[in-house]
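In case you want the letters, here they are:
There are 4 protein chains.
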Amino acid sequence: MTMIPNVLAERYATEPMKAIWSAEGRIVLEREFWIAVMKGQRDLGLDIPEEAIAAYESVKDQVDAQSIMDRERITRHDVKARIEEFCDLAGHEQIHKGMTSRDLTENVEQLQVFRSLGVIHTKVVAALARMKKHSVTWRDLFITARTHNVAAQPTTFGKRIAMFGEDLLVALEQLDHLIETYPVRGLKGAVGTQLDQLSLFDNDAEKVDQLEQRVMEHLGIKRRWTNVGQVYPRSLDTTTVSVLLALASGPSSFAKTLRLMAGHETASEGFAKGQTGSSAMPHKMNSRSCERVNGFHTILQGYLSMGAALAGDQWNEGDVSCSVVRRVMLPDAFFAIDGLLETFITILDQMDAYPAVIERENAYYLPFLMTTTIMMEAVKNGVGRETAHKAIKEHAVGTVNDLRVGKITSNDLLDRLAGDDRLGLSREQLDAILAGGQDKIGAAKAQLDTFVATVDKLVADNPNAAAYEPGAIL
Amino acid sequence: MTMIPNVLAERYATEPMKAIWSAEGRIVLEREFWIAVMKGQRDLGLDIPEEAIAAYESVKDQVDAQSIMDRERITRHDVKARIEEFCDLAGHEQIHKGMTSRDLTENVEQLQVFRSLGVIHTKVVAALARMKKHSVTWRDLFITARTHNVAAQPTTFGKRIAMFGEDLLVALEQLDHLIETYPVRGLKGAVGTQLDQLSLFDNDAEKVDQLEQRVMEHLGIKRRWTNVGQVYPRSLDTTTVSVLLALASGPSSFAKTLRLMAGHETASEGFAKGQTGSSAMPHKMNSRSCERVNGFHTILQGYLSMGAALAGDQWNEGDVSCSVVRRVMLPDAFFAIDGLLETFITILDQMDAYPAVIERENAYYLPFLMTTTIMMEAVKNGVGRETAHKAIKEHAVGTVNDLRVGKITSNDLLDRLAGDDRLGLSREQLDAILAGGQDKIGAAKAQLDTFVATVDKLVADNPNAAAYEPGAIL
Amino acid sequence: MTMIPNVLAERYATEPMKAIWSAEGRIVLEREFWIAVMKGQRDLGLDIPEEAIAAYESVKDQVDAQSIMDRERITRHDVKARIEEFCDLAGHEQIHKGMTSRDLTENVEQLQVFRSLGVIHTKVVAALARMKKHSVTWRDLFITARTHNVAAQPTTFGKRIAMFGEDLLVALEQLDHLIETYPVRGLKGAVGTQLDQLSLFDNDAEKVDQLEQRVMEHLGIKRRWTNVGQVYPRSLDTTTVSVLLALASGPSSFAKTLRLMAGHETASEGFAKGQTGSSAMPHKMNSRSCERVNGFHTILQGYLSMGAALAGDQWNEGDVSCSVVRRVMLPDAFFAIDGLLETFITILDQMDAYPAVIERENAYYLPFLMTTTIMMEAVKNGVGRETAHKAIKEHAVGTVNDLRVGKITSNDLLDRLAGDDRLGLSREQLDAILAGGQDKIGAAKAQLDTFVATVDKLVADNPNAAAYEPGAIL
Amino acid sequence: MTMIPNVLAERYATEPMKAIWSAEGRIVLEREFWIAVMKGQRDLGLDIPEEAIAAYESVKDQVDAQSIMDRERITRHDVKARIEEFCDLAGHEQIHKGMTSRDLTENVEQLQVFRSLGVIHTKVVAALARMKKHSVTWRDLFITARTHNVAAQPTTFGKRIAMFGEDLLVALEQLDHLIETYPVRGLKGAVGTQLDQLSLFDNDAEKVDQLEQRVMEHLGIKRRWTNVGQVYPRSLDTTTVSVLLALASGPSSFAKTLRLMAGHETASEGFAKGQTGSSAMPHKMNSRSCERVNGFHTILQGYLSMGAALAGDQWNEGDVSCSVVRRVMLPDAFFAIDGLLETFITILDQMDAYPAVIERENAYYLPFLMTTTIMMEAVKNGVGRETAHKAIKEHAVGTVNDLRVGKITSNDLLDRLAGDDRLGLSREQLDAILAGGQDKIGAAKAQLDTFVATVDKLVADNPNAAAYEPGAIL
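If you're matching them up, the sequences are chains B, S, G and U in order. The first sequence maps to residues 1 to 474 in my numbering. The second sequence maps to residues 1001 to 1474 in my numbering. The third sequence maps to residues 2001 to 2474 in my numbering. The fourth sequence maps to residues 3001 to 3474 in my numbering.
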């Protein structure tokens, strides 16, 4: 029998994320959940022998996926197969009391989601710490900002990085909010009325409530749904994937921009340690990793589309029409964002900027970018506004046309302006204005300093997260 | 020239929402924004004559869309066209100082989004108030809960409504969070560095900051971006549409379930006042409005798909590749959710349940739902567990088969069980058990009471919202 | 190291589909492709020793995925790793001449897609053959057609099935068209200009063309692209997934309708051989498989969303931003449609209808559905049209209201009409009209006969496909 | 009352497309449809007075949208409102005989779709004719092809255009196929059984068939569905939007590439006649229109997402849950593709390439691209392969590094190689090799010639389409 691995997990995701979503990992989570419920039930008065609990605990890590699958092929019921397996291993029948399948699966799947959110949180902080570092490093690196992909006004490379960083920061707030408010379904029974737990506890609602609280403590989730059916509303899953997509936005825009910069050789995602370009094409530093980040973003769009189709589609108290979708969408969306962040952090660790090339680009465009200032100076010198405007326009258009048709190969606008009596500006004056262009970055540095301060606080609050080191990527 | 109206706006959305997004409404918002900036600049020291401000204010409501469009067809620049129009009307040239087009459009569009969120908030509260009312009304209406669309366990109709209500409540929290944390772009200039405002104020960063704070006060938005480019990150738009979709989830699931119930005639969306079914088909209460709610949900999926494609696609400091998408997606998503909520509230105002039909359904299924209890009673009476199980299974399967092949037309399981000596249960005992089935709704009522209490608090905090009355729907 | 399987492949897809997409299967396809190119190059004049070809052929099935992955982790280049592995195994370096990575991967991936389309074709025919069979079996089974989920007019169950079948038939035409016109990229080189093959063959364009034709013969694909870059346009992938979604439409609508019918117990997806309902709930035939079909449809929407985002996003001659997306989307979309069709065929093999329950439903609604005819008969008898209309409306509304409030439990409209002198129709006359209702199915049978004839021809053309038997599903 | 226009229609779509989808246009289409059915019924034997037909025909163009909307607000039934309006105008009640609402609306909407497909077909041919022209013009313009956005191998600009053109050509085949095979629903009645038409014609199936054929002739659509319910399968709508998206792919990739080229100033979308860059920034030719094309592509993704959610969601014989979605999706998808093609054709009419800049780029990269050839020449000269490789790598890496750190500003690799005795190649030899680089475009020209020939044939078959001139865009 052929075995097809999950390509997102196997090529891109990391061990901790895979551990959460592995068949074996999930089975252990389920068994721990059953044991937690069982202990809670015992503490609240049900007659469950201590030895049974001990027996279950002693075998909880003995996971034989094949045996379980064999059972499922007979029963055509996945949870029943896993109950039988666990009970046979333990030699007792004390788990799953008053529980329906969804009392197990919904809670355990939510735990998987919740823990995955934590893993992602760490990596987002790690990415932001690196973005901050670069923002500081290139705080003063004067670059030509582009709008419509065309030179517009100056900024600094540090500010550009902070810009994408702030996108990610705002998405991180969404992640924080989701983690803080994430509600778990709890033990609600077949149609959500808690009938079976209430029956177990002779309709003692207080005890059932306490049992559910224990479950929440076990899961580490602080909030729960009250009114649900067989399932919790799938809008929660949509929101989850939506937050993952928001987290992908900043890195994806950053990656697109780095791909563009690589095209101009002003920056690149760099090489892995020891890697070199081919001898034939040493200039060819392919933005493979950046392209991959963009690919992950596209993948997340697809999973969000699945999630959006699940929400708002509950029939009565629910069914399993969402089951196969969630089996795919939830782990795969987390594998994708995990892979995206690993790739993104690696890019941040290896990327480089090429100040000399950047400077050439600046030199090419700066005279154009300074024409407004030049005109103001000419006017200050007593030249008529209309005259100045006319002269400058004439030379600017001439320069750009000559550059495009190949008459000239570098921007000689200042020469032309210096040679035009109408403006009355000397070459020295014009050079001074051009030199002053370096100051035309407005509040860029102050802005990025704000980003830096915010991330510094975040890093101080999450020191381990910030120190996270990614694995080697393919 | 043919004029195509926006079908979502014209057929489904309400006047307040349309006013926010109308061309005229937007132009007034823009002019008010320009005036606010102009006043701020004057207060902070720029030389702007009082009479100019007065002139702009006096003409700000004179909107001639055709004249503006004519200008745009010449300039091929929409903002320039609107500047010229406003200045010509006022007879001054004092607006838009140090501003780039995006300093106007981004902020005004965000204001449109922000106000629309407020409109939607009101309607969500109004819907929840009605769901609460129904939940109370039908608190004790015993119904057969369904999983996989098949009878499962008892619940109450009030609980079922509370279930969809809680989905909406959790989505409302997301809306609240978005409104509270929504950041506006502010006056950041062509590439985000605030260069031009800083130039205007001789690099006095403090003054530029104060100007931006004034802008925020004018908009009524408490938070702003710091590091942006020409545009704010489009992930914010994605998040906005994502929240709208989350708000649609509860109503959409409710609508699907009501469509299902209408198929069984246990409930229906009812008729408008004075409307009656056709004489030929008086039973045919088509769930047109519920179907429409589901249609709106699908539409929102499409807009979310557009939004998801915009995020993570920023090239350098930005461009207008998102422009046409946002012109469509933002208003249309709000028109869709507005129409959805209007329709949903109307459904809530007109819907009805049919207890007699519900009771027939209960009677049909209840004996099956009570077999576990019957077995337990037989065992209490001294019958062997295996014997009881065998007898009950025999009769249950027999009954269902006879119902399906038409041998019988109503559920006679109790007769069969009463007539079987193996169980030793009298007809009276069995009837008593069946009657007890009415108590098998677990915590349904307590759960819905929690929903009711939560909504009561919400309504107390938003009395006007709760009292909102929808317009007539098509 | 945890190993995460592809859940779509492992739980739902079949061995032949998995074989096409397995890592091992793909490596063999690649090696066969290299060998085919190598043989073509030799035949066209390149100096490639026969023993090298023999050596490659002798080791082509020796696939060691781990060894290849180890190589990739060093080279960070997947194709290079696979070249080295194959060459080391063969002890020669004769493959991949004049080829760039994409000359290998694009063609092999297209082959995977193309073969998968063939697998799917077979199953669609198999599904249609079964739909036809049911359409014939239930050709005359009179049912109450529903619009808006409410009883509308009569039809037959066979016609209902043919309706969903015709949806699938039209989608099958799309599949046929795609298979017939599917163009392969061929050996186009690094930027699509065939530079390297032309260099190999001293710019002999004729030979390069012949080599490409050989490649097409090897692949079994009749058409090729001429003008491409590094990659073929991704719109072809979008179209492919779009066709898969179209194929899912008929089955998905069928599955939804069967879920609805199960709620009314008029039909069900049935049980697997030997399976029975639980004793407690023998009525509970959960539509798990139908729900799963709907789930697969949702999944395909997500993959189509990914595909739609890839099209129209080619930068220059291409890059790998689509790579990770296609690694996920292409196999997973095929696994999903494969699983959908397996599940659908299984449903068709196990489903059942319950004529007695259907008849009860008909009896409940038929009097309402016949009121137009009754009025016409009354008018024929000389009663005034207005009078007749008034009387009938009165009784119809009365009946439906009494049913809803529980005054009556079966439809007694005919009794009421018979007892009303205004209409002048005897009970016998009314019974005759009602009996005539059985003929009010219009062209239902003739329509389904057309479907049957079309499928018969299809089956005759594809006898093996029609005879396809699905594997056991979970 | 505020009136919100459809932004896609009003800003971007053309009059012919708007006419098809306008409220007024649709009402006329409906009235023509009713008249066609009425005439058919009369010819087939129904008693319909000639004067009634004449009366309807005489008023069919008197469209009063407000009056109809007023009626709809009373009846809450759009079709009924339009029947009443038309009958009141004509003074007869002869239309809509034996028809249900969907017999009108489905067919008329399909006619709108079908005619829209024709409009789009024209524009696709027009776009291809222009792409062909450019491909010829720039057939020999040697450019540096880029993969991963980085210089890779030579090609020609004509070939690059043909590459995106072939994407569009293949999509055009899909459009052709859709137009040829597009099936109309016909007169199938309330649940698809044609009951009411059969009743009208005393169960004469032959006459009903003839009537439907007349309807098809009237519509100009050659194919029809046989087995449908109240509605035709919505998968047909999904396929329609999917084809529109495929058509958008080539233009969208072309637009992205032109945006990239504009960033390098190797090409631009140009200016409208008379338009000039601003004086301050004459270099700033913003790719606004290209960005818009990409925006339209994103919009179409959203509508495809809506369409994908409609397919496979039919409950029984159908309902109106798709209604609001189709009201939005169908016209808006056509407005979007119409706007996209208008914009794209305008770009093609105004775009320009800058050979001098292209040449500078080539000069910068060509030495790197020729290193393989240089090594081969050195080896021919008797230099050891290893020696040559080592020397070339040394200089290539040195050159690229010096360029990046700013030591040099133009590529001096050839100087370095000429100065290295190890290679034994004179400056003249190296220059000759470099000059030969101009021939390294492989089959680029032959490939584009194939594209040209295909489009020539297409243009010959569609002369009017090719001559289509777009309107002025905003």
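Calculated from the structure, these hints are not laboratory results. Please read these numbers as outputs of a predicted model, since none were measured by experiment. All C-beta atoms, glycine included, are put in the ideal place defined by N, C-alpha and C. Treat each hint with caution, since some may be false.
What the hints assert, rightly or not - What the simulated footprint calls covered on chain B by chain G, stretch by stretch (three residues with Cβ under 8 Å from a Cβ of chain G suffice, anywhere in the stretch; the number is not a length):
hint, segment
1, 14-24
2, 70-76
3, 236-243
4, 288-298
5, 319-329
6, 354-363
Unchecked claim - Non-contacting residues of chain S with respect to chain U, defined by C-beta distances greater than 12 Å in every case (computed):
hint, residue
7, ASN1006
8, GLU1010
9, HIS1177
10, ALA1255
11, ASN1286
12, SER1289
13, THR1298
14, SER1305
15, ASP1313
16, ASN1316
17, ASP1319
18, SER1321
19, ARG1360
20, ALA1435
Here's how the hints hold up against the structure:
1. 14-24: Coverage by chain G holds here, the residue count being 7 at a Cβ distance below 8 Å.
2. 70-76: holds (count 3)
3. 236-243: violated (count 0)
4. 288-298: Coverage by chain G holds here, the residue count being 7 at a Cβ distance below 8 Å.
5. 319-329: holds (count 10)
6. 354-363: n = 0 at 8 Å, threshold three: violated.
7. ASN1006: violated (4 Å)
8. GLU1010: violated (6 Å)
9. HIS1177: Given a closest Cβ separation of 25 Å, the condition holds.
10. ALA1255: violated (9 Å)
11. ASN1286: violated (8 Å)
12. SER1289: violated (10 Å)
13. THR1298: THR1298 of chain S not clear of chain U: closest Cβ-Cβ about 5 Å, inside 12 Å.
14. SER1305: violated (4 Å)
15. ASP1313: violated (8 Å)
16. ASN1316: ASN1316 of chain S is in fact no farther than 12 Å from some Cβ atom of chain U, at 9 Å.
17. ASP1319: violated (5 Å)
18. SER1321: Per Cβ check, SER1321 of chain S is inside 12 Å of chain U; nearest 4 Å; violated.
19. ARG1360: holds (22 Å)
20. ALA1435: holds (36 Å)
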